[in-house]
Amino acid sequence: MPGELAPSGLPNIGRTLVSARSFDEYVAMFALTPADLAGSILDCPGGAASFAAEARSQGAAVTAVDPVYAASPDWLADHAVSEAVRGNQHTAAAVDAFAWTFFADITDHLDRRTAAARRFGADLTRGSSTYVAASLPWLPFRDASFDLVLSSHLLFMYADRLDEAFHVAAAREMARVTRREVRIFPLINDAGTDISALLSAVRDGVAAGGFATEIRPSPYEFQKGGDEMLVVTRKER
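Numbering (our numbering), first residue to last: 14 to 250.
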């Protein structure tokens, strides 16, 4: 989620993917319950997910934050669909590396991700205040602003591009703005290397800030081995 600008003046997404995941995918990834959805939620980073739009249509209070929201809404709406196609092509090149339980097959993956991208784009271009342009490890929210913070496919996933200091600072910042929990998914990286030392460093870093951590199973697995999340909980005072 680095916030540098590309020569075009748009946020530099570099080698990361602006992913479009749906409400149903978020519910599965984070094991969300009706009680979770009844509270205020921060999606960090939100990317091109339709989670915020879909959840809000069901009465939930969701804010999404991502540096890419500084881009033109019309450009980003189109880019979200292009990125869904690019992500599908990447997946198609290594089909056996994925577990086909949530998605039926590669075509279903494309259809559902592009549908999510279009839902996101339609919501964004309506001028919704849901989408806040900002970048970890600094968030423009007061302490304990949200009941639940959800973070998918950034920390740990890009461990070869984001160092330990960034991971610890980002996790502590998300912990700062939650009243209850932060859920970080998945606990694997894009390069397929061991992240156990990094995970320990993150847990130690947030514990030093007065938060408890635990590893919980997730009912969702797409990248093989990616079926756990790190949960950071604000301790009772």
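Keep in mind the hints are simulated off the structure, nothing from the lab.
Check each hint, because a few of them may be wrong.
Unchecked claim - Simulated restraints, written as ranges between beta carbons of each label pair:
hint: 1; residue 1: S142; residue 2: E227; range: 31 to 39 Å
hint: 2; residue 1: S209; residue 2: A110; range: 34 to 42 Å
hint: 3; residue 1: A117; residue 2: S142; range: 31 to 39 Å
hint: 4; residue 1: T246; residue 2: R155; range: 18 to 26 Å
hint: 5; residue 1: S209; residue 2: R139; range: 25 to 33 Å
hint: 6; residue 1: T46; residue 2: I228; range: 17 to 25 Å
hint: 7; residue 1: I228; residue 2: R139; range: 32 to 40 Å
hint: 8; residue 1: S209; residue 2: P153; range: 15 to 23 Å
hint: 9; residue 1: D217; residue 2: S142; range: 19 to 27 Å
hint: 10; residue 1: R155; residue 2: A110; range: 20 to 28 Å
Ideal Cβ placement from N, Cα and C applies to all residues, glycine included.
Results for each hint:
S142 and E227 have their C-beta atoms about 33 Å apart, which keeps the hinted 31 to 39 Å range intact. Checked against the hint of 34 to 42 Å, the pair S209 and A110 fails, with Cβ atoms roughly 20 Å apart. Look at A117 against S142: about 36 Å separates their beta carbons, and that is inside 31 to 39 Å. Distance hint check: the CB atoms of T246 and R155 are about 19 Å apart, consistent with the given range 18 to 26 Å.
A C-beta distance of roughly 43 Å is found between S209 and R139, which places it outside the suggested range of 25 to 33 Å. For T46 paired with I228, a C-beta distance near 18 Å keeps the hint of 17 to 25 Å intact. Remark: the range hint 32 to 40 Å for I228 to R139 is upheld by a beta-carbon distance near 38 Å. S209 and P153 have their C-beta atoms about 33 Å apart, which leaves the hinted 15 to 23 Å range violated.
Distance hint check for D217 and S142: the Cβ-Cβ separation is about 36 Å, which falls outside the suggested range of 19 to 27 Å. Under the hint 20 to 28 Å, the C-beta atoms of R155 and A110, about 41 Å apart, miss the expected range.
Checked against the numbered hints given earlier, this structure breaks hints 2, 5, 8, 9, 10; the rest are met.
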